[in-house]
Amino acid sequence: MITTNNELLQLLDRLYREDAAENITLQNCAPGEYLCEQGRNVRNVVVIRRGIAKSFHIEENTKKYILFIHGIGQIFGDWEALGHIQLFQNSVVTMTHTEFYKMPVRTFLHLCDTNPKFCRVMLTETSHRMALSLIRASKQSLYPIKHALTRVIEEMRAQNLTLSKQDMADYLGVELRTINRLLKEIATF
Numbered sequence: 001m002i003t004t005n006n007e008l009l010q011l012l013d014r015l016y017r018e019d020a021a022e023n024i025t026l027q028n029c030a031p032g033e034y035l036c037e038q039g040r041n042v043r044n045v046v047v048i049r050r051g052i053a054k055s056f057h058i059e060e061n062t063k064k065y066i067l068f069i070h071g072i073g074q075i076f077g078d079w080e081a082l083g084h085i086q087l088f089q090n091s092v093v094t095m096t097h098t099e100f101y102k103m104p105v106r107t108f109l110h111l112c113d114t115n116p117k118f119c120r121v122m123l124t125e126t127s128h129r130m131a132l133s134l135i136r137a138s139k140q141s142l143y144p145i146k147h148a149l150t151r152v153i154e155e156m157r158a159q160n161l162t163l164s165k166q167d168m169a170d171y172l173g174v175e176l177r178t179i180n181r182l183l184k185e186i187a188t189f
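Using full-length UniProt numbering, you'd call the opening residue of the sequence shown number 1 and step up by one each time.
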């Protein structure tokens, strides 16, 4: 459930220490703060160093869908930067106190163009993200929501993560009343 990328984090730690121009900064924020916000201009790319955040997309009908729960080494704004997309397509909000690296889009693109290791790590991250999205989509179409909710609860316990009922509903793409009904059913077994 919590996605991480230790290889990217280690690489960014090294690049941060070597960054003489100070293009990569280290910042902190409290729980509930936005690292990026859907519809806002993309000026920076962000990588989580410590903490947990959730990414979500709000549809035109104001339905919110949680895409991923992110941990260390997760990057945001990368595909907007690579695709020359001016606005963030999703929002990312912190769930815990979070420390993160921030770099201007031009620095990110320069690293992609000039640093083969960085480029390879980004390609790996992109393919991993695509695979996770495909697996999740196929599971949601193959298994009933009750099974998916049971899996989410098991993963939350295994990773010591707490999600609100609304977050679980947003993660599974269902209404809150569906989660409440299913939690009652699960509790009776």
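There could be a bad hint or two in this list.
[Claimed, not checked] With a Cα cut of at most 30 angstroms, we get these calculated DSSO-like pairs of lysine-lysine:
1. LYS165 <-> LYS64
2. LYS117 <-> LYS102
3. LYS117 <-> LYS64
4. LYS117 <-> LYS54
Quick caveat, the hints were computed from the structure, so don't treat them as lab data.
Problem set entry | Satisfaction of hint between LYS102 and LYS117, Cα-Cα up to 30 angstroms | holds, 19 angstroms
Exercise. Given the proposed pairing of LYS165 with LYS64, does the C-alpha separation stay at or below 30 angstroms?
Worked result: The given pair, whose Cα atoms are some 13 angstroms apart, holds under the 30 angstroms limit.
Exercise. Is the straight-line distance between the alpha-carbon of LYS117 and that of LYS54 30 angstroms or less?
Worked result: Measuring from Cα to Cα gives roughly 27 angstroms; hence the hint holds.
Exercise. LYS117 and LYS64: Cα distance at most 30 angstroms?
Worked result: The given pair, whose Cα atoms are some 35 angstroms apart, is violated under the 30 angstroms limit.
Checked against the numbered hints listed earlier, the structure breaks hint 3 alone; every other hint is satisfied.
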